[in-house]
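S.K.: Here's the letter readout for the chains.
2 protein chains.
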Amino acid sequence: MHQVYFTPGPSALYYTVEGHIKNALKSYVPSISHRSKQFEEIYAHTIDQLRQLLNVPDDFEIYFTGSATEIWERLIQNCVEQSSYHLVNGSFSKRFYQMSGELGRNTALLEVAPGLGFKPSEINIPEAAELIAVTQNETSTGVAQPLEDIYALKEKHPDKILAVDAVSALPYIDIDFNRIDAIYFSVQKGFGLPAGLGVWVMNGRCVEKAKSMQQSGHSIGSYHSIPSFASKAVKNQTPETPNVLGIYLLGKVAEDMLTKGIVQIRRETEYKAALLYNLLENHSLLAPFVAETAHRSKTVIVATTSVASEKIIKQASQRGMVIGSGYGAFKSEHVRIANFPTHSKEQFEMLVDFLADYSEE
Amino acid sequence: MHQVYFTPGPSALYYTVEGHIKNALKSYVPSISHRSKQFEEIYAHTIDQLRQLLNVPDDFEIYFTGSATEIWERLIQNCVEQSSYHLVNGSFSKRFYQMSGELGRNTALLEVAPGLGFKPSEINIPEAAELIAVTQNETSTGVAQPLEDIYALKEKHPDKILAVDAVSALPYIDIDFNRIDAIYFSVQKGFGLPAGLGVWVMNGRCVEKAKSMQQSGHSIGSYHSIPSFASKAVKNQTPETPNVLGIYLLGKVAEDMLTKGIVQIRRETEYKAALLYNLLENHSLLAPFVAETAHRSKTVIVATTSVASEKIIKQASQRGMVIGSGYGAFKSEHVRIANFPTHSKEQFEMLVDFLADYSEE
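Quick note, the sequences are listed as chains A and B, same order.
To convert, note that position 64 of the first sequence is 64 in full-length UniProt numbering; the numbers rise steadily by one, no gaps.
To convert, note that position 66 of the second sequence is 66 in full-length UniProt numbering; the numbers rise steadily by one, no gaps.
Extracted from the complex, chain A is given alone in its bound form (with noise of 0.2 Å):
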């Protein structure tokens, strides 16, 4: 039967993945070397493209990795020497700061309630932390943190790196990269394409930290450590055979992102969450669970159901939609729904349709 995939991560492939994949099987894509020409042209358009559609400055780097998990433990590496700060709310945004204390750190952090965002007058980072970790959107429990709250810590602490957790987020948000120095997600969310790639974006300042903590004499990883990626991105290549197939149809994908246009897909976005928003406000058994409108995700987008969400994703199933549960505790008491480029203004409707008849029989 066909299933549309609502999943927050993976989730549908952008609509033209599969032809994308035919073609690379056609032109031997996943054959060619890794050390080849065809390989970094390849390599050298996916970064390109990538740079258009979220505005990269030629300023910073862009590297792959097999995961954004692996980004969390690379950015430890690489840019903290002592010591990490994390703002915390939820799974994932907590599993980085419990990274950074399983590589040697000391970590702060400040950890609010499932549900919520941070207020920026109650944020108070020390002295010591050498990297800020935000969670632009986390994808457990669909909070959000305003971009403009995310800049301000940059400016109040200019010194600190800011790294910028944007795992289900891009390419929707905006981001003003003068504003950050690093942010990283993974293919399989907004990007609709196959898991197993991270793409990981920093400006000079990581690049200088994690030089500058070589030469200190700290081990900083191997052959994913920056150094070790920028020796080999100057000649359009990667330091080990990467995920080359996922390399090509993240090019291509941003490629037709640019062509249906990148104001276009962000205007889809929020119309379709203000639907989704709109009918869960309204609805008898289901509440968005992020209560603050300024906190909403509108690319993760967590109901909670006052039925168990189990009956909820069973019945959607039978009309072909899949749509999340819950994470972790709260696996009966949510579903969580991804709102991505991939997912038609149609096929949201349909969704909305769904959920509006929606009742206990």
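By construction, these hints were calculated from the structure, which means they are not laboratory data.
Since this is a predicted model, take the numbers as computed values, not measurements.
Be aware that a few hints might be false.
Sample of chain A residues with no beta-carbon within 10 Å of chain B, all distances over it, derived [as the list claims (entries may be wrong)]:
hint	residue
1	53
2	55
3	332
Examples of chain A residues lying across from chain B (beta carbon under 8 Å, computed) [unchecked claim]:
hint	residue
4	10
5	12
6	34
7	97
8	99
9	103
10	186
11	194
12	243
13	244
Subject to a maximum C-alpha distance of 25 Å in a straight line, what follows is the list of computed BS3-like cross-link-like pairs (lysine-lysine) [stated by the list, open to error]:
hint	chain 1	residue 1	chain 2	residue 2
14	B	156	B	94
15	A	298	A	119
16	B	260	B	298
17	A	26	B	314
18	A	37	B	311
19	A	94	B	235
20	B	94	A	235
21	A	22	A	314
22	A	37	B	314
23	B	260	B	235
24	B	22	A	26
25	A	235	B	314
26	B	232	A	331
27	A	314	B	235
28	A	26	A	37
29	A	156	A	119
30	A	314	B	37
31	A	314	B	156
32	A	331	B	37
33	B	232	A	94
34	A	26	B	26
35	A	331	A	298
36	A	311	A	331
37	A	235	B	331
38	B	345	B	260
39	B	211	A	94
40	B	311	A	311
Backbone N, C-alpha and C define an ideal beta-carbon position, used for all residues, glycine too.
Could you slot chain B onto chain A? The hints should help.
M.R.: Below, chain B alone, put in the same frame as chain A:
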């Protein structure tokens, strides 16, 4: 134009992969959650098929990384407190040796010239070494170390962890797992899959070593430490969102290889290797790079060329055959030819016929 990739990795896709990708798209494999029952079934199937194909005992674990390069790093982080020992006879074994140093370990090595293997009598492993790194099949030079020599190292040093790089050798080599501690490969070589997945097989000694290092306060990494892998593997899951499509395809290809029969695959590999080495020994412009017969790889066959290798590569390509250049400094002096399970006898005969007829115009 139809091209057969004989490059040593990435190489030609296994001949069933295209069909499996189509089925994966039809059944939404790239969209399913990595925490779902469906994923757990895919994961369990792949592990099961690999165990059968490679005859992996139950007391060995199998974990997935982004690449074999990543496994080098994880091996050092998890299994080497202070010192590692490396048998170096090419670019890849050298890189692993360097990586251990970059990660702050003491390293020792025995290095031989490219094209040579190791004489067991010349190997003296320092008492302090906790891990012995052997590259069974050097993809850069086409040198293979006989398995009996590798087992002898373990017999002589039962207290050390013996880690075997079989990146471009599996599934051809028939490993006796009771005589090694860890082995690893990447899927874009012998398994004929798109790159972006490494496979790490290890016994309880590796697991215990990682745990004891962790307990004594060493950093063993974070999400891809052995205990982190283990905590998810019991549920047929992975720590991060993995390359789900890659894991699915690996299981399908391993199943296809089991259906064909691993004995048959090994027999064909030997037949094709004999065909090519026989030609090289009697060619006016080409010769086997590895002089010692016992050290000649069956899966990556390297020839010295008395004309610039680019000329041969170009002519081959015009006939629909892509062969690899020499690695690094040998770029123009060598050709490298993969002999993987996907390469049929007919394709190999065609290649041998082309090389037999090749002469400078």
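S.K.: Against which earlier hints does the structure fall short, listed by number upward?
M.R.: Violated: hints 7, 21, 23, 31 and 40.
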